[in-house]
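Asker: Take the given structure of chain X and dock chain A to it, following the hints.
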Amino acid sequence: MVREEESEAATNGPKTVLTAPGIWRGITRLLPIAAFSIPFGIAFGIAAIEAGLDPWQVILMSAMTSSGSAQFAALDFTGAPIAYGSVAFVVLALNARHVIMGAALSFWINSLPPLKRISTLALLSDANFADSQPAFREGERDVGILLGGGFSLWLAWLLGTIIGVAGGAFVGDPERYGIDVVMVCFFATVVIGQFRKNRALALPILAASLVSVATMSFLPDGWNVILGAVAGGFIAVPIRAN
Amino acid sequence: MLILLVAAITFASRLAGALIMSRVPFSVTVERFLDGLSVSVIAALVASLVAHGDIRMAVSVAAASLIMLGSKSAVLAMLTGMSFAAAWSIWISSQPI
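Protein sequence lines correspond, in order, to chains X and A. Numbering-wise (the working numbering), the first sequence opens with residue 1 and increments by one. Numbering-wise (the working numbering), the second sequence opens with residue 1001 and increments by one.
Just chain A, with the same shape it has in the complex:
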């Protein structure tokens, strides 16, 4: 029952946005709002995850962001972020297993 409830709510949330928008006529205002919304929802997610995380995560994400800003290579940026995080775990905070 719990499983069905979680699945049903998640499924409904995935369908709801497009369904709501099928009743809203598109206009320049709506388009700009949705455009802003698209990048904002991911930005808000990143900010929230980093704020919930520790310094290690903040440093890794900052490093990845700077590389992306300078190089435009997402792969290089993500590898940099991972390397910072791994290096931090190994040398700065010793992780109990």
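Just chain X, with the same shape it has in the complex:
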């Protein structure tokens, strides 16, 4: 069954644009939150050097990957014979939620020309997804906010990594200032914000949380989040949006 997917997709979602002012708005929207990830970039830079990587390798890795959990996990595999299969499996598990986020954004992303689509998705992370998806739902049509937000996160992570590699002038312990909980608190506010607008989301939210925690003990890290998300998605199908 071969069809013209390209034109199909283009007619499905609403018309969206990708503009420089939109990108700038995205950069400024997420800059304050991205700044809090700098200490973790520093921690990664230090850990990666300790794991035996060369400085240029560490910086290249952050620049090309920009995914904290995947990069930290990869450090466990830097010892002599690298088990590439295991690395691939772990990184895939930790990144599988990107697939879900990409799918959830497809409604607004897929009407863009391929190059713009790819460059926006290349910077997709948890935080810019959490920030942009609700905005798109409420009528935002400039995908630049997603790309710009992703750029802020990428830059902060890279900057942190470089500082860490350069000798880690580590300014105290992030836990002392509560910096380590900023991201998870931000995600919590996004979930609650969504719930406030649509109380019917309580059920999917609860289901997702319960399933991800209940399966955490026997599923590898990452897959439990996917399973929770999919459970929430299915529960949302028969619920009427307000």
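It cannot be assumed that every hint is accurate.
As the list claims (entries may be wrong) - Result set (SDA-like, lysine to any residue): computed pairs, CA atoms no more than 20 Å apart in a straight line:
hint	chain 1	residue 1	chain 2	residue 2
1	X	K15	A	V1030
2	X	K15	A	A1008
3	X	K116	X	A200
4	X	K116	A	A1008
5	X	K197	A	A1074
6	A	K1072	X	A200
7	X	K197	A	A1012
8	X	K15	A	V1028
9	A	K1072	X	P32
10	X	K116	A	A1012
11	A	K1072	X	I163
12	A	K1072	X	E138
13	X	K197	A	K1072
14	X	K197	A	A1008
15	X	K197	A	G1070
16	X	K116	A	S1022
17	A	K1072	X	G193
18	A	K1072	X	K116
19	X	K197	A	S1022
As the list claims (entries may be wrong) - To be clear about the criterion: a stretch of chain A counts as covered by chain X if any three or more of its residues have a C-beta under 8 Å from a C-beta of chain X, and this derived list gives those stretches:
hint	segment
20	1005 to 1016
21	1022 to 1034
22	1038 to 1052
23	1070 to 1078
Claimed, not checked - Pair by pair, the computed Cβ-Cβ distance ranges are:
hint	chain 1	residue 1	chain 2	residue 2	range
24	X	I239	A	A1012	28 to 34 Å
25	A	A1058	X	P113	40 to 46 Å
26	X	P81	A	L1066	33 to 39 Å
27	A	A1058	X	L219	19 to 25 Å
28	A	L1066	X	G85	40 to 46 Å
29	X	A200	A	M1001	17 to 23 Å
Don't read these hints as lab results, they were simulated from the structure. Idealized CB from N, CA, C, for every residue including glycine.
Answerer: Okay, now just chain A, sitting in the frame of chain X:
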């Protein structure tokens, strides 16, 4: 090589979702599923992070959530969460540096 592998898998995961959906025609069912999926993936992430974390993190996230529920101000909620976490580190568990 390791670096390229990690980067390639991460990049592919970022592109895959939208690519898959370009082959699925949109319908009310699909839209509701994706809507539920969007909030659920973040909720599952929060639940998983909190479950992996300690009481300090759970208390901070709970405080932030309650403030968000009551005030609708994300900034206030996040500041509250941070303050709880910082206060906990300073007074309840003394962190070895």
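Asker: Are any of the numbered hints broken by this structure? If so, which, sorted upward?
Answerer: Numbers 2, 3, 7, 11, 14, 18, 19, 26, 29 - these are the hints that the structure violates, sorted from lowest upward.
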